[in-house]
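Given only the sequences and the hints, what does the whole structure look like? Please build it.
Residue numbers (this note's numbering), protein chains in the order written: chain S, 1 to 421; chain C, 1 to 119.
Honestly, the hints are just simulated from the structure, not real lab data.
Glycine included, C-beta positions come from ideal geometry on N, C-alpha and C.
Just to be clear, a hint being listed does not mean it is correct.
[Unchecked claim] With a straight-line cut-off of 25 Å between C-alpha atoms, the simulated SDA-like cross-links for lysine to any residue are:
#, chain 1, residue 1, chain 2, residue 2
1, S, Lys417, C, Lys88
2, C, Lys88, S, Lys195
3, C, Lys79, S, Glu177
4, S, Lys195, S, Ala182
[Unchecked claim] To give a feel for the contact side, a few chain C residues facing chain S, derived at Cβ under 8 Å:
#, residue
5, Ile4
6, His5
7, Thr7
8, Arg50
9, Thr53
10, Ser54
11, Ser55
12, Pro57
13, Gly60
14, His65
15, Ile98
16, Val101
17, Ile114
18, Arg117
[Unchecked claim] Footprint (simulated), chain C over chain S, 3 or more residues, beta carbon under 8 Å:
#, segment
19, 44-53
20, 189-196
21, 309-321
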Amino acid sequence: MTVNYDIVVIGGGPAGLAAAIAARDAGCASILVIERDRELGGILNQCIHNGFGLITFDEELTGPEYAARFEKLALEGGIDFMLDTMVIDVSSDKLVTAVSQAEGMQFIQAKAIVLAMGCRERPRGALNIPGYRPAGIYSAGTAQRLVNIEGFMPGREVVILGSGDIGLIMARRMTFEGAHVACVAELMPYSGGLKRNIVQCLDDFGIPLLLSHTVVRIEGQKRVEAVVIAEVDGHGKPIPGTEVTYPCDTLLLSVGLIPENELSLTAGVELSPVTRGPVVNEVLETKVDGIFAAGNVLHVHDLVDYVSQEAAVAGRNAAAYVAGSLEENGVSVPVTATDGVRYTVPQSIDPERMPDELTVRFRVGNVYENRYVSVYLDGDRIYHRKRMIMAPGEMEQVVLKKAELLAHPGLASITFKLEEA
Amino acid sequence: METIHLTCIRCPRGCQIDAVVDGGQVVSITGNSCKRGEVYAQAEATNPVRVVTSSVPVVGSAMHHMVSVKTAGDVPKSKVFDVVASLKGVTVTAPVAIGDVVVSDAAGTGVDIIATRSA
Chain S
1 MTVNYDIVVI GGGPAGLAAA IAARDAGCAS ILVIERDREL GGILNQCIHN GFGLITFDEE
61 LTGPEYAARF EKLALEGGID FMLDTMVIDV SSDKLVTAVS QAEGMQFIQA KAIVLAMGCR
121 ERPRGALNIP GYRPAGIYSA GTAQRLVNIE GFMPGREVVI LGSGDIGLIM ARRMTFEGAH
181 VACVAELMPY SGGLKRNIVQ CLDDFGIPLL LSHTVVRIEG QKRVEAVVIA EVDGHGKPIP
241 GTEVTYPCDT LLLSVGLIPE NELSLTAGVE LSPVTRGPVV NEVLETKVDG IFAAGNVLHV
301 HDLVDYVSQE AAVAGRNAAA YVAGSLEENG VSVPVTATDG VRYTVPQSID PERMPDELTV
361 RFRVGNVYEN RYVSVYLDGD RIYHRKRMIM APGEMEQVVL KKAELLAHPG LASITFKLEE
421 A
Chain C
1 METIHLTCIR CPRGCQIDAV VDGGQVVSIT GNSCKRGEVY AQAEATNPVR VVTSSVPVVG
61 SAMHHMVSVK TAGDVPKSKV FDVVASLKGV TVTAPVAIGD VVVSDAAGTG VDIIATRSA
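Have a look at this one:
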């Protein structure tokens, strides 16, 4: 048996909830959110630290509090939920196949889909660290779940590889729970996390951040006994003679997040090799008609507030698509990222269809000081704004104005680049 | 006169702030982009404060083993570990609602520790 919904949202985390709420508020009366966990809120449930919601609610909330606010809005009516239910296939004609212990296999036919599956952590297997496979090696997010949700301590003497935000947050969390965190080693010459987390999670506790360092060996056969850390050269290669052994029982990995797009691929959605998320246009629609994407499945964000904003856009546009009011003009101006800008989302814009103001989000590929972010419409520079400092770990954004794009008839390209003064 | 270099932790922007302190008084704050940064720098240069978050076991909940908690407001940075210690051995019993007081007047700071999730 197949059930029908106008919009199916895959994932009940911050992106999925914001998309569903926005779609409902835009007038769509038939919305289903499918979540594989037993509760809504996604990864926010284990992010118990504060700092969420400054933009959305003008206060500093913890992850569970931020999730609860969106959950409350979502539960006000007009949205159906399937919890403890795993989507295993999405077809290009928007047939969703899901399984759950309670209901077995279920088929849901959607008119539009919002992909909101989030991201996952890069595992040890992606790093090629020599050594055995002892117990005591966890991704930072796994350790976060163990401590905050399950109530277990993964270890007592900890080394963290990678300076992503989750690793920094866990350095403080493990310290609060009585562990000793010896250091955070980061392969790159700059931190992958937010500056404020360096201050409040490492500096506050005297935990050293070793930039341009990596783990070259893990010792221990049954349980981690030590890790060997070495300095790396400008090409990321360990420098012989710089090895230092840190006795420890636990190694946490915070070495990057990867959008979780297995389902997008089954639907035939084209992915960007840079973001590893879908390629989308200005309404956040993928290359498959009626399939939208938002949040960390689209590109990894630093801030949940921006996830919520982005997902609301996807939800509203999915509702407009179902209502038949998302007219196609057949115009798609590519947005090119170059000269230090690694990518943009969206990757193309229809100037006729874009809203009066469109937020384009992007990341840079290195640490840049005193550079200008410039936007060109063909050869005409319409945006040129200095940024004191930009880093790969911090997402940037520029708001494009529809009127400016419409003032360039026959526009062929939009270019985002960094320029020197 | 002493200049203290700070990274603001009030939002992800992480403004680099210089606070000039003279005789225990902050005489100038530069580099911040907003009022929050000024408030942060003022406190950080004289009496640094933090919000502490943690989690405690919950009994009687079908879904949850742990309930996340936070200090209801800022506590002195020097008291952070005392506040953390005040949670040792504390458990809560379901039902728990967001905002329920888990520890009152944590470590003599005058600030309560409250639940940040329901269970």
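Problem - Pro57 (chain C) as chain S interface residue, shortest Cβ-Cβ below 8 Å - result: holds (6 Å)
Exercise for the section: Would you check whether Gly60 (chain C) satisfies its interface hint, that is, whether its CB is within less than 8 Å of any CB in chain S? Expected result: violated (15 Å)
Handout entry: Hinted contact Arg50 (chain C) with chain S - closest CB pair below 8 Å
Key = Given a least distance of 7 Å, the restraint on Arg50 (chain C) holds.
Exercise for the section: Using 8 Å as the Cβ threshold, decide whether Val101 (chain C) counts as touching chain S. Expected result: violated (15 Å)
Exercise for the section: Verify the interface restraint on His5 (chain C): the C-beta must sit less than 8 Å from at least one C-beta of chain S. Expected result: violated (11 Å)
Exercise for the section: Starting from Lys79 (chain C), check that the Cα of Glu177 (chain S) is at most 25 Å away, please. Expected result: Roughly 16 Å separates the two Cα atoms, so the pair holds.
Exercise for the section: Would you settle whether the hint for His65 (chain C) is holds or violated, based on the nearest Cβ-Cβ distance to chain S being less than 8 Å? Expected result: holds (5 Å)
Exercise for the section: So, Ser55 (chain C) near chain S? Judge it on the closest CB pair being under 8 Å. Expected result: Result: holds, 5 Å to nearest chain S Cβ.
Handout entry: chain C covers the segment 309-321 of chain S, three or more CB atoms within 8 Å, holds or violated
Key = violated (count 0)
Practice task
Measure nothing beyond the straight line between the CA atoms of Lys88 (chain C) and Lys195 (chain S); if it is 25 Å or shorter, mark the hint as holding.
Solution key: violated (30 Å)
Exercise for the section: Could you check if Ile98 (chain C) really has its C-beta closer than 8 Å to a C-beta on chain S? Expected result: holds (6 Å)
Problem - Coverage of the segment 189-196 of chain S by chain C (three or more Cβ within 8 Å) - result: Check passed, 3 qualifying residues.
Violated hints, listed in ascending order, are 1, 2, 5, 6, 13, 16, 17, 21; each of the other numbered hints is respected by the structure.
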